[in-house]
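K.L.:
Residues per chain, in single letters:
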Amino acid sequence: MAPATAERLFGKSIKRREDPRFITGRGSYVDDLKIPGMTYAAFVRSPHAHARIRRIDTAAAKAHPGVVAVFTGSDMKGVNSLPCGWDLRKAKNVPGVVQDLAMVPHMPLTSDVARHVGDPVAVVIADSQEAATDAAEKVRVDWEPLPSVTATEKASASGAATIHADAPGNVAFKWALGDAAATDAAFKNAAVTVKKRIVNQRLVANAMEPRACVARFDPATGELTLWVTSQNPHVHRLLMCAFVLGIPEHKVRVIAPDVGGGFGSKIFLYNEEVVCSWASRQLQRPIRWTASRREAYQTDAHGRDHVTEGELALSRDGKILGLRVKTVANLGAYLSTFAPAVPTFLYGTLLNGVYTIGAIHVEVTGVFTNTTAVDAYRGAGRPEACYVVERMVDAGARALNMDVADLRRKNFIPKFAGAFQTLVAVTYDSGNYAAALDKLLQIFDYKKFRTEQAEARKQGKLLGVGFSTYIEACSIAPSKVVGALGAGAGLYESGKVRVHPTGMVTVYTGSHSHGQGHETTFAQLVADNLGIPMEQIEIVHGDTGAIPFGMGTYGSRSASVGGTAIQMSLDKIKEKGKRIAAHLLEASPKDMEYANGQFQVKGVPSKAVPFGAVALTAYIPHNYPEGLEPGLEETSFYDPSNFCFPFGAHACVVEVDADTGKVKLLRYVAVDDVGNVINPMIVDGMVHGGIAQGVGQALWEGAVYDGESGQLMTGSMMDYAMPKADMLPNYETDRTVTPTPVNPLGVKGAGETGTIAATPAVVNAVVDALAPFGVDHIETMPLTAERVWKTIQAAKARR
Amino acid sequence: MYPAAFEYHAPTSVRDALGLLGRLGDDAKLLAGGHSLIPMMKLRLAQPKHVIDLRKVPGLTGIKEDGGTIVIGGMTTHWQMESSPVLKSKCPILAETAAMIGDPAVRNLGTIGGSLAHADPAADQPATVLALGVEFVCEGPKGRRTVKVDDWFKGLMSTAVGEDEILVEMRVPAWPAGSGGAYLKFPHPASRFAVVGVAAMVTLDKEGKCTKASVGITGAGTKAIRAKGVEAGLVGKKLDVATIEAAAQKAAEGVDVQADLQGSVEYKSHLCRVFAKRAITEAVKRAGGK
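Same order as they appear, the protein sequences are chains A and B. For what it's worth, the working numbering labels the leading residue of the first sequence as 1111, then goes sequentially. For what it's worth, the working numbering labels the leading residue of the second sequence as 4, then goes sequentially.
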């Protein structure tokens, strides 16, 4: 694969090349753009959770000084609904799957009914942000408030307000996977069954940079340039041009410059960039919009929001015989771009966990409510699955009076290198689950902890440990597979390697870096392959004008899918280079190899042409092979044959304050297997951030709607509790390495493992801390101090 | 988020500031550290047509001793209080409370006068100043007047300062030898405001008997209050574990506990009791007891 160089960079913790500009305030974010003639947009949004729009009076707003235009939905003629890119109705031939989907419309500016607080109904465009904001307050909307429903379990209750005419009972879809008959039989015959209600609460993504866009239509060329905080600019372009605005795709350029985090929330095509793009073409002026944090909370796609009934069937000696899961998933008021896939094919397919299970069946009902739309958020379906599995396994161990680590180990799928067919459609790529737990227990002295815990309990101190032996599916995805499941897109990735005449290299990747560090890791990969210094390599991402069609960055796919596309192009470059060098050396291309930055006759380093000389020759082809085209650049599209499945074992130690219920994290140990690692420092960073988000969900975060009014009660970081550095211990992290056979790099993917593993590790630890009171479960997250305190009081009362 | 348009004034004397306040009346808001007012203006929850910035008015900052009393200017920042050698040695509870407010950026700009005039129900200093028994000096067109802290907090974000007055000074009485105090809070996990905050000041005589006790509670209700029921359970008694526990049971009395996302009435009342116990216990330690 990669030739030996003076120093192999793959596997080295090279400092990130993008960081100097970020930490010195020289990044270029969408909001930094200054364009002559720029106008500013302010959106008028519904203050009601559910209301009919009787009339919108824009006269006063239009008359406000500095206002250029005011538009409502009825002005946007010929503009279609924002599309939902995953149609469950097209899921064919998957055993046990029930497919159904109410494909309801989602207009960029709703004109009939507003369906959640923050739903945009009008836009004011003015020559200053202040004027736009002031004028927006002058737009008079005649609202007819309607009853609303926000709670996941109340969406389909009889009498609940109907949100979409095409979705009676607010049911968006019903979906199922697995073997219902086998599962029922397993439960009938099981010695022990455990049933738990599990609430995986709604989260706000909280990327540091709020969403923003600048749309500039150039009347001279008829071209529209859209700068937008997107994780996938080509997808934005395709969806907007082909599905919503009906404008020619080749006349639109979408640029995602520096983007400050996404975690999934910047994948989707949103109302605002569509409205600004449309309006820019109408007004022939550039238009800028940046979300306030409050707007971000109301409109960035939320995450999670499942209510689940989980059941586990076990034999007396601790074998897991069956898992039955019934979930209601809240989709919010509209279908966001990926939304139907997240609580179905990204969720149900991970319920096998790392365990050998006798039978599995899962049913999911997706429901509409008067809330912000829900879609992929770091982990996207897999954290929800891991949470169910790891909580049920924990509860199962307690029901059997068995050690929680022992029960897990007893049921681990044995080590395998090639493939493991799960009961829920997917085939795992490679795994060694016991090794990860072994390594964890080398770092975390479990026996010592149980002794300390016993001592602490004597003094009334509530210490607890929680484990999470997780697996997840990333590197999405094989196009044919997801197409068969209803995806409206392929999930390959593009990678173009352009060698310049002077031997410098520019790589154009369809992946997008909004925190991942691709400018560094991809350069490491290229430097290793070509034996040239990283300084001679430029990584370009985020511009549809420069880059072949790519699907973007999410689902921990960039190193594995994006990196492999680049690898394929590097291989083609080297093949062509061998032909050029062979010609120059009067040798046969079959006798050539590439090593140490030069094309050489196999085993004869003295008979060689350096990379730079081959590059120059390719562009000045005077002494050149007959029939070979000049130039040295190659493009590849890599469509993976399977997902990849990182796995690992985490342990978390907490102390619960018995008087207040407040949970303090004392220790967090993570062992992760992400396959081969390009840059250990970056992977560690991914794990750190992911753990923070996973812990955040367990203990502090939660988007809360008022049941009566439908108002978003947690409207900002004053009420929505984000994890902060002083709330977290220093993590101890380590790795096992089980390369994936799926791609030539052996890389599985690392971006979401921390978030997926951490949440159940923390909750399991709190349950363990409260075990002396007879507590074996806490239904709802976050585990606020009050919730934990009430759990203790209730448990005491039961005794 | 952009505030509604406003006129900005920066008077350079108390007299000029009062003049502006008198002339502009309801249309004006005083600006001290700005960390309560400006966020509200950005959210358009407050839309004053005029903002009168006090930061250029001399003579309103500083921490001085006047006999046994400590005099603190209204525009003194939380950071100045947190780091004041006078407070650290003569009235440490005030310095410690200041250190728990918000974060360093907030403390560098936020002021004691601004905080106490604004009277956010979850602010920290209201509990401590109630426990200390301070006095406030308000200056208006007719001159200065003194208001006792027990008469200061009227209702939700409503204090005794007049519409045409500026809170210019806080006067902290000396506590006798054998006194100790502590402020402890249960912070809101998001905002770090006090879900419940309790300040306890006690004085012990040479036999360890409590001769004076003053307990302020903030966070749980619509305004900070003196927990008179708790105090009654302490004065005249030796403050052992059982006595403190018994007295602390009264902590929620007189608090109009508000349920919200951080806690039910039941839970917040419980926190009042827990933190009363903890604050008194710590105060006793610092008073030289146990």
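Among these hints, one or two may not hold up.
Unchecked claim - With a Cα cut of at most 30 Å, we get these calculated DSSO-like pairs of lysine-lysine: (1) Lys-253/B <-> Lys-1906/A; (2) Lys-253/B <-> Lys-1774/A; (3) Lys-45/B <-> Lys-1172/A; (4) Lys-226/B <-> Lys-1834/A; (5) Lys-1571/A <-> Lys-253/B; (6) Lys-209/B <-> Lys-157/B; (7) Lys-1772/A <-> Lys-32/B; (8) Lys-1772/A <-> Lys-231/B; (9) Lys-1306/A <-> Lys-1264/A; (10) Lys-226/B <-> Lys-1900/A; (11) Lys-59/B <-> Lys-93/B; (12) Lys-231/B <-> Lys-1900/A; (13) Lys-1122/A <-> Lys-1774/A; (14) Lys-288/B <-> Lys-1571/A; (15) Lys-93/B <-> Lys-1772/A; (16) Lys-1248/A <-> Lys-32/B; (17) Lys-226/B <-> Lys-32/B; (18) Lys-45/B <-> Lys-1774/A.
By construction, these hints were calculated from the structure, which means they are not laboratory data.
K.L.:
Given the hint that Lys-1772/A pairs with Lys-32/B, test it: the Cα-Cα distance must not exceed 30 Å.
P.N.:
Violated, because 39 Å separates the two Cα atoms, which is more than 30 Å.
K.L.:
Is it true that the CA of Lys-45/B sits at most 30 Å from the CA of Lys-1172/A?
P.N.:
23 Å, holds
K.L.:
Does the alpha-carbon distance linking Lys-226/B and Lys-1834/A stay inside the 30 Å limit?
P.N.:
28 Å, holds
K.L.:
Has the given pair, Lys-45/B with Lys-1774/A, been kept, meaning a C-alpha gap of at most 30 Å?
P.N.:
34 Å, violated
K.L.:
Regarding the pair Lys-93/B and Lys-1772/A, is the alpha-carbon distance no greater than 30 Å?
P.N.:
Given pair Lys-93/B, Lys-1772/A is violated - Cα atoms ~33 Å apart, limit 30 Å.
K.L.:
Check the hint pairing Lys-288/B with Lys-1571/A against an upper bound of 30 Å on the C-alpha distance.
P.N.:
With a Cα-Cα distance of about 23 Å, the restraint between Lys-288/B and Lys-1571/A holds, given a limit of 30 Å.
K.L.:
Given the hinted pair Lys-1772/A and Lys-231/B, is their Cα-Cα distance within 30 Å?
P.N.:
28 Å, holds
K.L.:
Lys-1122/A and Lys-1774/A were given as a pair; does the straight-line alpha-carbon distance stay at or below 30 Å?
P.N.:
34 Å, violated
K.L.:
Take a quick look at whether Lys-226/B and Lys-32/B sit within 30 Å of each other, Cα to Cα.
P.N.:
Roughly 21 Å between the alpha carbons, so the hint for Lys-226/B and Lys-32/B holds.
K.L.:
Hey, Lys-253/B versus Lys-1906/A, does the alpha-carbon distance stay inside 30 Å?
P.N.:
Distance ~23 Å between Lys-253/B and Lys-1906/A Cα, so the pair holds.
K.L.:
Assess, step by step, whether the Cα of Lys-59/B is no farther than 30 Å from the Cα of Lys-93/B, and give holds or violated.
P.N.:
Within the cut-off at roughly 29 Å; holds.
K.L.:
Assess, step by step, whether the Cα of Lys-1248/A is no farther than 30 Å from the Cα of Lys-32/B, and give holds or violated.
P.N.:
With Cα atoms ~24 Å apart, Lys-1248/A and Lys-32/B stay inside 30 Å; holds.
When each numbered hint is compared with the structure, violations occur for hints 6, 7, 13, 15 and 18.
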